[in-house]
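Residue 1 is where the sequence shown starts when you use the working numbering, and the numbers rise one by one after that.
Everything labelled a hint here was simulated from the structure, so no lab data went into it. Do not rely on the hints blindly, as some may be mistaken.
In silico lysine-lysine, DSS-like type, Cα no more than 27 Å apart, as pairs [said to hold, decoys possible]:
| no. | residue 1 | residue 2 |
| --- | --- | --- |
| 1 | Lys52 | Lys164 |
| 2 | Lys52 | Lys42 |
| 3 | Lys350 | Lys212 |
| 4 | Lys296 | Lys350 |
| 5 | Lys238 | Lys42 |
| 6 | Lys455 | Lys50 |
| 7 | Lys50 | Lys238 |
| 8 | Lys412 | Lys399 |
| 9 | Lys238 | Lys52 |
| 10 | Lys52 | Lys241 |
| 11 | Lys49 | Lys408 |
| 12 | Lys332 | Lys455 |
| 13 | Lys341 | Lys241 |
| 14 | Lys212 | Lys341 |
In this text the structure is predicted, and so the values were computed from the model without any measurement.
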Amino acid sequence: MSNVQTSQRQLVFKILILFFSLPSVLAAQADSLFRAFVYIEKIAIEGDKKTKTGTILRELEFAVGDSLPTAGLPAVLERNRLRLMNLGIFSEASISVSNWGKEGRISLLVRVSEGWYIFPVPILSLSDRNFNVWWNEFNHSFKRLNYGLDWSQLNLTGRADALKAIAQFGFTNRYELSYRSPGLNHSRTLGLESSLSYSRAHELSYKTTANKLEFLKVRERWLIEQIVATVTLISRPKLFKSQSFTLEYRDNLVDDTIAHALNPDYYLDRKTRQRHFSAVYSLTYDYRDIRPYPLKGWRAILDIRKNGLLTSDDLQIFRAFAEFDQYFSFNKWLSLELVGKIRSSLPRRKPPQSNNQALGYGGNLVRGYDYYVVDGLDFGLLRTSWHLRLFEGQFRLGKLMPIKAYRKLPIKVYLAFNNDLGWANDPHYAATNPLSNRLLYGYGPGLDFVVYYDKSIRCEWTWNDLGEGGFFLRVNTGL
Numbered sequence: 001m002s003n004v005q006t007s008q009r010q011l012v013f014k015i016l017i018l019f020f021s022l023p024s025v026l027a028a029q030a031d032s033l034f035r036a037f038v039y040i041e042k043i044a045i046e047g048d049k050k051t052k053t054g055t056i057l058r059e060l061e062f063a064v065g066d067s068l069p070t071a072g073l074p075a076v077l078e079r080n081r082l083r084l085m086n087l088g089i090f091s092e093a094s095i096s097v098s099n100w101g102k103e104g105r106i107s108l109l110v111r112v113s114e115g116w117y118i119f120p121v122p123i124l125s126l127s128d129r130n131f132n133v134w135w136n137e138f139n140h141s142f143k144r145l146n147y148g149l150d151w152s153q154l155n156l157t158g159r160a161d162a163l164k165a166i167a168q169f170g171f172t173n174r175y176e177l178s179y180r181s182p183g184l185n186h187s188r189t190l191g192l193e194s195s196l197s198y199s200r201a202h203e204l205s206y207k208t209t210a211n212k213l214e215f216l217k218v219r220e221r222w223l224i225e226q227i228v229a230t231v232t233l234i235s236r237p238k239l240f241k242s243q244s245f246t247l248e249y250r251d252n253l254v255d256d257t258i259a260h261a262l263n264p265d266y267y268l269d270r271k272t273r274q275r276h277f278s279a280v281y282s283l284t285y286d287y288r289d290i291r292p293y294p295l296k297g298w299r300a301i302l303d304i305r306k307n308g309l310l311t312s313d314d315l316q317i318f319r320a321f322a323e324f325d326q327y328f329s330f331n332k333w334l335s336l337e338l339v340g341k342i343r344s345s346l347p348r349r350k351p352p353q354s355n356n357q358a359l360g361y362g363g364n365l366v367r368g369y370d371y372y373v374v375d376g377l378d379f380g381l382l383r384t385s386w387h388l389r390l391f392e393g394q395f396r397l398g399k400l401m402p403i404k405a406y407r408k409l410p411i412k413v414y415l416a417f418n419n420d421l422g423w424a425n426d427p428h429y430a431a432t433n434p435l436s437n438r439l440l441y442g443y444g445p446g447l448d449f450v451v452y453y454d455k456s457i458r459c460e461w462t463w464n465d466l467g468e469g470g471f472f473l474r475v476n477t478g479l
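Please take these sequences and the hints and turn them into a complete structure.
Structure, rendered in structure tokens:
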């Protein structure tokens, strides 16, 4: 037999081997590719005594029939566990693989522990902007305390909705009724919030001088009365994106002494009453891991407000606000928080001084300037914080805690290093307020305590660029 014939037979033999082995090779490759992903065959839920199943499933990034990368499965399950905790209605939540079947088909088990949904919380609050102002500038007078009842019914219908009623007495009277439902439709992409409140007070901050609020107090009569009604429609077509549109009505009445004698610019032109409708549009992208105390992820907020929808309204101001928060987690111990905020207002003419608030109100604060307010049409704020985790543990309270869902007390402790920069532009009232139109700087360390996932206590030692410093306490109950 010639060499040519031998070579031809060997070639035919190799082709036959390849032909018959091809299916098994392809099957092996398919199996290898297949096992790179897992397929969700079933999702079971335990512990949802009141919460609707759809409420839980809506918060998950995956559903039955979806595929997930096998290598990234633990991270996906943990991220979605945190999403369930962010609902604010569970004291504990876990997601695990309950069954790993053939061909990468898995069953997931979601376990939740429902928290205590009725919170008749007694009100014992300060009438001042923060704890340090009350303690140092008003000699921690108990006469400046508010008391009453803040009654909250969370998860009212099992759809993560909430009903709240407030009856507050003391230094400031306030009565409020509000309802929030995040799931109006079957797919839970539309939500509704509404509230009606009435408040009145014997004391009023009527003017800002030297970046300090000036107060008038008259026990015999109410210096200000306010009625506020709001309706908000919320759209959340995707898990991380939400939009809202709010209609608001305000009716404010101030005492003659304020408008005629002490500050004619309070509502401008010595007016004692200010009534107006407002429309607010908000857009939010929220990719944070733990909303009460984020360690990684980001959030972006755009807020556009028009005060004065009718030509007859007493207030005509257009404002645009933007915020971007970025959180970097370098490892399980160290993280960095960056928060940037900016706001601008139109028109540029003089606004009522009561509507000229900028830095020092609410969360728009340069730490270290807690005793001051900086008014203005516009402001910018940059806050940075390094967080070093010192401790993470869980304590069992046993029968000391009558509510079973809260007998496990998780605590995290962080060492924080804070640096803040802020600036407020006030073209109309800056002559008597030297902190306006200049850069403000505050810095210092702090100890942050996070308990029950959504409650935090921040103990901060902060200094500002004026050379002033002190200890500041900030408490967030998560309600």
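* Unsatisfied constraints (hint numbers, rising) -> 4
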